[in-house]
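Undergrad: These are the residues of each chain, in order.
Number of protein chains: 2
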Amino acid sequence: MLTSRTKLSRLPKRGSHENEVIYPILDEAVFCHVSYSLDGQPFILPIAYCRIDDTIYIHGSVGSHFFRQLSEGVEVCVAVTLLDAMIMARSAFSHSVNYRSVVAFGKTRLVEDEAERWLALERITDHVFKGRWADCRLPNASEMKKTMVIAIPLEEASAKIRSGGVNDDLEDRELPYWAGVVPVSTVFGEPVADAGLEGQNAPDYLKR
Amino acid sequence: MLTSRTKLSRLPKRGSHENEVIYPILDEAVFCHVSYSLDGQPFILPIAYCRIDDTIYIHGSVGSHFFRQLSEGVEVCVAVTLLDAMIMARSAFSHSVNYRSVVAFGKTRLVEDEAERWLALERITDHVFKGRWADCRLPNASEMKKTMVIAIPLEEASAKIRSGGVNDDLEDRELPYWAGVVPVSTVFGEPVADAGLEGQNAPDYLKR
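Just so you know, the protein sequences line up as chains C and P, in that order. Throughout, this note's numbering is defined as the position within the first sequence, counted from one, plus 52. Throughout, this note's numbering is defined as the position within the second sequence, counted from one, plus 52.
What the hints contain is simulated information worked out from the structure, not anything from laboratory work. Hints may be right or wrong, so weigh each one.
[Stated by the list, open to error] Straight-line Cα separation of at most 35 Å, DSBU-like style, residue types lysine-lysine; simulated pairs:
#, chain 1, residue 1, chain 2, residue 2
1, P, 159, C, 159
2, C, 198, C, 182
3, P, 159, P, 197
4, C, 259, P, 259
5, P, 197, C, 182
6, C, 197, C, 259
7, C, 259, P, 182
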């Protein structure tokens, strides 16, 4: 999956085009950003998704302007970014961030096959909390009619990862500034039951 | 800042074009996604930034392909997304997410004025941890030469916010599924000192 669109020109040692690096990042993130371009004007939408093999699926309302555009088959860019730490170096210049990110390119496809639509909705619902699809009221015909599913085949994708600690220049290492790593993470809190369900234990699959 | 690019077609009750809604979201997020388009192909880059009045500043290497493109003055889209909760409804269809997001449009400008470049770097360094710029080795002439600063004036911007709880249809509310809210937050952990600084207390401004 290596072309001029995903060739890593900056810091190529941080980059990878391997599925075993890319897929875990796509599977861990909660949402992605999808960008497309209309007459040279780029648009970005943050959105929930799932990955099935090398395809990303997103869903939205048939009334959404963005989704109607995507349904026509357009080139998009998908970005998924996980932030792991802030790197506080002794020099301003060497400050950095630990992250794991994927940037992927593909042409959108309106999903019309009902089985594929259903599977995509199942996997989107289960993407963050596996087990939810089996524990809720599934879509009815009217809801399916209101829902558009778009597939984005990952024609090209690259991952970029920065990990580790402070990387100050040698001559800065004796400077009298504190340096180190501030870990950052996305934390899922204790589930809060809806009105009327107080006291009922939340399902185990919601505890991450 | 309301034009056809930012007119909210879906769920306009969730949207706002007011600076007092937009600025706090831009000031809280750690990084943004910037998208631009080249011959109809959109590209996205996740990147650190700061806001000064109604301008977003980003910085990068003069050797970066992406930054060289931005230096020419191109239309970009900037997205900032804060995830607050996962909404687990009784029906799959009513599942949702609490979030605060901003989507903004502007034409990039290469910053050449040295005072403006310096201020942008100060604010980017202080964006997440205010006080860091005053507590590190500031950029030297060689580092300034290697650094490109790009301004993105927020010509148009809109915020979208979903908050609150589960919103199941009335007829679903007696269904025997657990429903509720799973809070999500970005958490900064305890700072970890670089080798040689073990035991030194991290500065207070790193504790968020």
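Undergrad: Of all the hints given earlier, name the ones this structure violates by number, lowest first.
TA: Of the numbered hints given earlier, the structure breaks just one, which is hint 5.
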